[in-house]
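Spelled out, the chains give:
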Amino acid sequence: MMQQSAPSADPLLKVDNLVVEYFVGGKTVHAVSGVSLEIARGETLGLVGESGCGKSTLGRAVLQLRPAVSGTVLFDGHELTAMQGDRLRKMRQRVQLIFQDPIASLNPRRRIGDIVAEPLVIAGMKDPEKRNQLVSDVLTAVGLDPALVVGRLPHEFSGGQCQRICIARALVLNPDFIICDEPVSALDVSIRAQILNLLEEMKARYGLTLLFIAHDLAVVKAVSDRVAVMYLGRLCEVGPSEQLFATPAHPYTALLIEAIPVPDPDVRPAESVAVGEPPSPIAPPSGCRFRTRCPRADQQCVTEVPELRRVAPGQFAACHHPLI
Amino acid sequence: MTDRVLLSIENVTVDLPTPRGNLRAVDGVDLKLGAGRTLGIVGESGCGKTMLSRAVLQLLPKKAKLSGRVMFDGRDLVSLDRESLRKLRGRSLAVVFQDPMTSLNPVLTIGTQLIETLQEHLELDLSTAKKRSVELLAAVGIPAPEQRLTQYPHQLSGGMRQRVAIAIALSCEPELLIADEPTTALDVTIQAQILDLLAREQRRRHMAMIIITHDLGVVAGRTDEVAVMYAGRVVERAPTQALFKKMRMPYTEALLAAIPKIDTAPHTVLPAISGRPPDPTRPLKGCSFSPRCRYAVARCHAEKPGLTAAETPAHQFACFHPIEIEAGVPA
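Protein chains in written order, with our numbering: chain A, 1 to 324; chain B, 1001 to 1331.
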């Protein structure tokens, strides 16, 4: 089994060798193929990768919204993969999800007050006054005025405000863990910074642990303690944010960093650092899945799947020919 | 800068009637672009950048009202008849849209779409058009181009589709290519490839190009000039080097500062711009950015600043209190 960095002796979330597959038209999509990771209490783990790499599937599989083929998900010592029915529902109250499209994730026919109160209703809180108080508190916390907001419908709000409402809904049950799936990708640059700052503020205030899924490395770095890089269903590299960006060990991590457009005209864009496109997860390459685009690939990469290995303190890479 | 002016946008205003009243999408924009030069138009959603490009292409919604002139190669596109416009578009004036899935016809093969464009505008016979199509697909980096001709758009990845859209846009050797958020729908490693491809073809063909984007990072290394738009107006324009060296308009500065950079330390509080852009159906009396601007004074709320020149006439900004400090790129 793949080894994994141990950020603490008692992680809040421990994913072990998780495999998730879809079956489409008689073919198997290898969405997540043996991913192991841990998230310590109070930590933000950033998960980056390009579309189709399995990062969202991984997030959903953690919540058991997507059944795993094999592997385990331990949340606060409880094995979610073995749980069903009421027990799983109860456990899910401690884990919340924020989606990419804030407008699409709010029911357009319901008032904001009801939307934010719904998790409380589902959790069985009967007292409407208590519910209203909690809703009002959490809306204030995310920077909205409850008096002006609760009676209105989602279409009356901008994308940034809708994302604040989604964050309020995620927080209202006072969860321990939030999975943020591309929470700022649909927002404009000037609004993006507001929401990232808000997430950081809420994390401190509510003592949250976050799994922050995004494709934008700079955004991920801004909020994460550690970053995990995913490619075609497998983890390429995991490490502390600063260290990973300063000295990437996996060629794919290096490629991602190089591909970011830098807002400085004196930095000439590196010509064609990226070659090719990700292969289909229906027929992933043998051995290392990145080998078809990797400048360092050789015969070993074709035949042998690289395991995550320690390349520096706290930093692990799955590569036969790491850069460090 | 001795190049002849290819495109001149003169005092262009676009009004859209909406149930909530008139929406001024573009508000008195003046821009010039020389032959073979690259202009970046930067702004957030709703700033009017896409409407401006539609005004140039004369592809505005039917209800839209346009005033001003769009001079392209000596002709005013606004007063041109439909037939002449149709001949011009695709021939000397080409466009690449954000989503290649919507700009390609899903029920026609790649080959049909390319060959159709070539035959329509260049009057080539079928076998020459076919040969040119293969060359074009190869030029935009599509492997096995002959086989691609018989494929449909849904059989290609997003990056490949965008390459096909670029091949179609380049097919008639246009003088001006408008790329409207050409990489927004693509992954970051593919984005770099597509931007490289556009830059390479632009240089090779000595074609003028307008890149419309929300990402200052995309324009920084790849344009000669940048125009920053906010609430329908150009609020700052300058040669790219000059702009990034010394931003004068507080909005441009704030926009750049709000982007997390790759060297931003984890858990840094980002300098966010508070509030949000004004409602375009309720135009403000003063500077549109004044409610969000940290330098705003009474005059900014009462009066609309026009574009004024900085040290050089090429660098213009619309602000009563421009930033004076020499600014590098904030880390």
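Treat each hint with caution, since some may be false.
To be verified - Quick list of the computed label-pair ranges, beta carbon to beta carbon: (1) B:Arg-1282 x A:Arg-87: 29 to 37 Å; (2) A:Arg-41 x B:Gln-1147: 36 to 44 Å; (3) A:Arg-41 x B:Gln-1241: 41 to 49 Å; (4) A:Thr-303 x B:Thr-1184: 56 to 64 Å; (5) A:Arg-110 x B:Gly-1275: 38 to 46 Å; (6) A:Arg-41 x B:Thr-1184: 31 to 39 Å; (7) A:Thr-247 x B:Thr-1184: 38 to 46 Å; (8) B:Thr-1109 x A:Val-24: 22 to 30 Å; (9) A:Val-19 x B:Leu-1124: 51 to 59 Å.
Note that these hints are calculated values from the structure, not bench results. Virtual Cβ for every residue (Gly too), placed ideally from N, Cα, C.
Results for each hint:
no., hint, verdict
1, B:Arg-1282 x A:Arg-87: 29 to 37 Å, "violated, 52 Å"
2, A:Arg-41 x B:Gln-1147: 36 to 44 Å, "violated, 54 Å"
3, A:Arg-41 x B:Gln-1241: 41 to 49 Å, "holds, 48 Å"
4, A:Thr-303 x B:Thr-1184: 56 to 64 Å, "violated, 39 Å"
5, A:Arg-110 x B:Gly-1275: 38 to 46 Å, "violated, 26 Å"
6, A:Arg-41 x B:Thr-1184: 31 to 39 Å, "holds, 37 Å"
7, A:Thr-247 x B:Thr-1184: 38 to 46 Å, "violated, 30 Å"
8, B:Thr-1109 x A:Val-24: 22 to 30 Å, "holds, 24 Å"
9, A:Val-19 x B:Leu-1124: 51 to 59 Å, "holds, 53 Å"
The earlier numbered hints that this structure contradicts are 1, 2, 4, 5, 7.
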